[in-house]
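Novice: Protein chains in written order, with our numbering: chain A, 2 to 413; chain B, 2 to 413.
In short, the hints are calculated from the structure, not lab data. Hints may be right or wrong, so weigh each one.
Copies of the same chain are indistinguishable here, so a pair counts whether it falls within one copy or spans any two.
[What the hints assert, rightly or not] With a cut-off of at most 27 angstroms between alpha-carbon atoms, the simulated DSSO-like pairs for lysine-lysine come out as follows:
no.	residue 1	residue 2
1	Lys157	Lys132
2	Lys365	Lys335
3	Lys132	Lys155
4	Lys180	Lys15
5	Lys410	Lys157
6	Lys375	Lys155
In this text the structure is predicted, and so the values were computed from the model without any measurement.
2 protein chains.
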Amino acid sequence: MGEVKALRCITCGKEYSPDDVEYTCPKCGPRRGTLEVIYDYETVAKQLTRESLAADQERTMWRYLPLLPIPDRRFIQPLRVGYTPLYSYDEYARELGLGALYIKDDGQNPTASYKDRASSVAVIKAQEKGKRVVTAASTGNAASSLAGFSAATKLKTMIFVPRTAPEAKVTQLLIYGAKVFLVNGSYDVAYDLAAEAAEEFGWYNRSAAVNPYLVEGKKTGALELAEQMAWNPPDVVLVGVGDGSVVSGICKGFSELQKIGLIDRLPQVIGVQAEGSAPIAASFSKYDGNTVAIDDIEAETVADSICVGKPRDIVKAVTYVHANGGRFITVSDKQIMAAIATMARRTGVFPEPAGAAPFAGLLKLAAQGDIAGKSAAVMVTGNGLKDIATARRVAGSAIEIEPTLAVVKEHL
Amino acid sequence: MGEVKALRCITCGKEYSPDDVEYTCPKCGPRRGTLEVIYDYETVAKQLTRESLAADQERTMWRYLPLLPIPDRRFIQPLRVGYTPLYSYDEYARELGLGALYIKDDGQNPTASYKDRASSVAVIKAQEKGKRVVTAASTGNAASSLAGFSAATKLKTMIFVPRTAPEAKVTQLLIYGAKVFLVNGSYDVAYDLAAEAAEEFGWYNRSAAVNPYLVEGKKTGALELAEQMAWNPPDVVLVGVGDGSVVSGICKGFSELQKIGLIDRLPQVIGVQAEGSAPIAASFSKYDGNTVAIDDIEAETVADSICVGKPRDIVKAVTYVHANGGRFITVSDKQIMAAIATMARRTGVFPEPAGAAPFAGLLKLAAQGDIAGKSAAVMVTGNGLKDIATARRVAGSAIEIEPTLAVVKEHL
């Protein structure tokens with residue numbers, strides 16, 4: 002079972018005992034003082050071996066328990082989270098000039114997004130800490146997955162969403178029984194209100210950027226990818242980037258696998274941002290290995306799940322991708338939209354816009370010859386059913402006909 | 002690998018070689034002449050044992066290949082189909098007066114419905130037969146799953162839908178690259194046109210009721226349920242019923258497991274129909290073990306996936322459930338709607354209306370004391386994300402607030 006050795010500030014490096022600090026480094030503050038979870042890797046290396054994993058019948062992310070901040074199984078919910086399928090496409094890879102093409106479909110998680118990997122950890126930590134309420138600010142996958150994972154527990158869920166939140170997404174929250182506050186203000190206002198309420202009322206705050214344990218859930222996608230590829234991970238891994246927590250988790254996952262000797266080399270992690278929402282990519286391009294620049298923007302992109310102008314996990318994202326030897330690229334909304342249809346038609350995996358973004362990035366790099374001959378994996382972080390309206394714009398049209406064979410024939 | 006011994010007419014009992022007949026018994030016609038796939042069960046019993054299955058690392062429905070009509074793995078698509086999670090809820094079971102409560106979530110299939118189990122078989126059979134086009138008439142899960150499973154192949158998909166088809170469902174078809182004909186007519190008109198087109202143009206017809214192989218895919222839910230419960234299946238299994246193919250498949254699955262000695266007793270299969278769409282339940286109530294009455298109706302229910310007034314697989318459904326010792330019950334649309342929210346809130350599984358129907362049936366039977374002390378499993382055949390509009394009607398409302406803690410406090 003996972004034993005946390007320390008929580009270490011990403012900026013000043015100070016280490017805290019998990020009992021001494023809850024969310025972020027008091028010295029560096031909530032934005033620069035995000036904490037990383039440190040384990041005793043020598044112990045983990047003994048507990049988590051290729052042999053132990055091969056023998057493990059558990060087909061969820063909990064198979065990596067020694068590398069997760071969960072001391073026992075008591076509060077693990079029954080919902081099957083993680084160990085999502087990895088598909089490979091030989092012919093399509095050749096067509097794109099790649100050595101191999103893999104797609105990891107996290108749309109098949111219980112609430113249909115990658116965020117289930119983090120929310121499942123949040124409801125465990127909340128219960129370990131004896132909390133009765135969990136909260137989050139989000140209109141999207143983080144909130145709906147928190148509501149879904151709380152549903153089978155005694156936890157109450159309080160969600161803060163900006164008043165512009167799409168009704169369909171609010172519906173998903175409400176159907177799981179969450180109390181939903183529609184805040185007269187922006188996402189950032191809702192985010193800060195959730196944090197204040199957590200503080201004031203003693204609720205557990207699920208915000209992935211300030212809660213050190215959530216990135217731990219998010220790293221499991223990398224662990225699975227490596228294991229599903231028999232510990233020979235691809236040359237590059239592409240993932241969509243909004244607040245920066247998922248890409249941070251994936252970098253940390255690979256790095257820890259190398260630390261405990263399960264992989265020999267790191268795949269290059271490529272964070273893909275939408276052009277209209279790329280503050281992390283911008284910061285990365287200026288990063289000199291010392292201070293991470295934080296310049297928030299007004300973000301706008303069709304890919305709502307990665308539409309983040311004030312990325313709360315920017316410091317980790319830039320630092321980790323730099324350490325990984327990876328990079329960031331951007332894609333246009335037009336490329337993202339086109340990638341939804343291309344991906345669905347060529348791979349059978351229907352992604353939400355944010356899930357299509359890394360595939361758009363792959364197509365862009367392939368067209369530029371940037372990753373010729375390489376093996377590449379794309380992390381699909383959300384199911385296309387989450388945003389049918391956007392898919393409709395690129396799906397094309399049905400053919401209206403009278404019910405006769407002759408008319409059908411005319412259209413063949 | 003599965004070897005089909007014969008195709009046997011459900012009505013006259015005549016056996017055909019798979020090479021001699023494609024869809025239904027020529028003598029009994031398309032409605033009464035549906036065919037059942039017969040295997041050499043002695044051979045299957047040797048190939049498929051508790052031990053062989055325990056050692057099998059494949060976590061998809063293809064682990065049951067000896068009991069499927071697939072001679073080799075050549076055309077199996079990469080998409081992870083089947084082996085969906087089974088959840089149990091001890092506390093909730095006690096509350097309902099049940100011995101145990103299980104939920105099998107088929108909303109986690111690649112295109113988010115149970116129909117993937119059948120469509121995955123259809124694209125294999127189409128390719129085995131050298132077909133280049135597959136067709137189906139449906140606005141719903143069958144068509145979208147066919148389009149999804151065809152996407153990664155060279156097969157073209159032609160879908161016929163009534164002109165009243167909801168735009169969102171048409172979008173899902175189009176995004177996978179299907180050619181969609183919006184037929185000026187009812188579902189029945191579209192169904193017949195698809196069959197005619199298949200005949201005329203040599204396309205492969207996916208219609209589950211007339212294609213004997215599709216029920217084979219649909220039976221795998223029963224095989225998994227039994228195996229996931231360590232070959233000690235529950236007392237009752239509840240499943241929603243529209244055209245009758247899924248419930249037929251589930252009965253056949255349990256029956257075959259008993260034949261090959263993997264289970265000792267049959268769970269009682271309870272087919273749940275919506276009150277406004279219950280022609281199979283009506284026929285079953287009159288069934289004397291001889292002739293299945295077929296009285297089509299104009300169906301109406303909120304649960305679109307089981308809204309079928311002219312159930313094409315009624316003969317198998319009635320015959321199989323009778324042989325199983327099972328029964329049919331009906332639930333109101335109001336009960337189905339309420340069950341969507343209850344299920345999401347108590348189990349973390351968000352079902353589409355047709356997936357909530359068997360849960361509504363469970364709640365009805367539990368309230369009547371009909372299944373007191375029994376262990377019960379509910380088959381959830383579709384993801385709630387497929388029909389957000391209906392969920393919205395029972396989800397409740399968000400609370401509009403100004404962004405201050407004081408206002409939040411007022412609402413706690």
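Novice: None of the hints should be skipped; say for each whether it holds.
Specialist: We went through each hint and held it up to the structure:
no. : hint            : verdict
1   : Lys157 - Lys132 : within (9 angstroms within a copy, 53 angstroms between copies)
2   : Lys365 - Lys335 : within (12 angstroms within a copy, 50 angstroms between copies)
3   : Lys132 - Lys155 : within (10 angstroms within a copy, 53 angstroms between copies)
4   : Lys180 - Lys15  : neither (37 angstroms within a copy, 59 angstroms between copies)
5   : Lys410 - Lys157 : between (57 angstroms within a copy, 15 angstroms between copies)
6   : Lys375 - Lys155 : between (47 angstroms within a copy, 25 angstroms between copies)
Consistency with the previously given hints fails for number 4 only.
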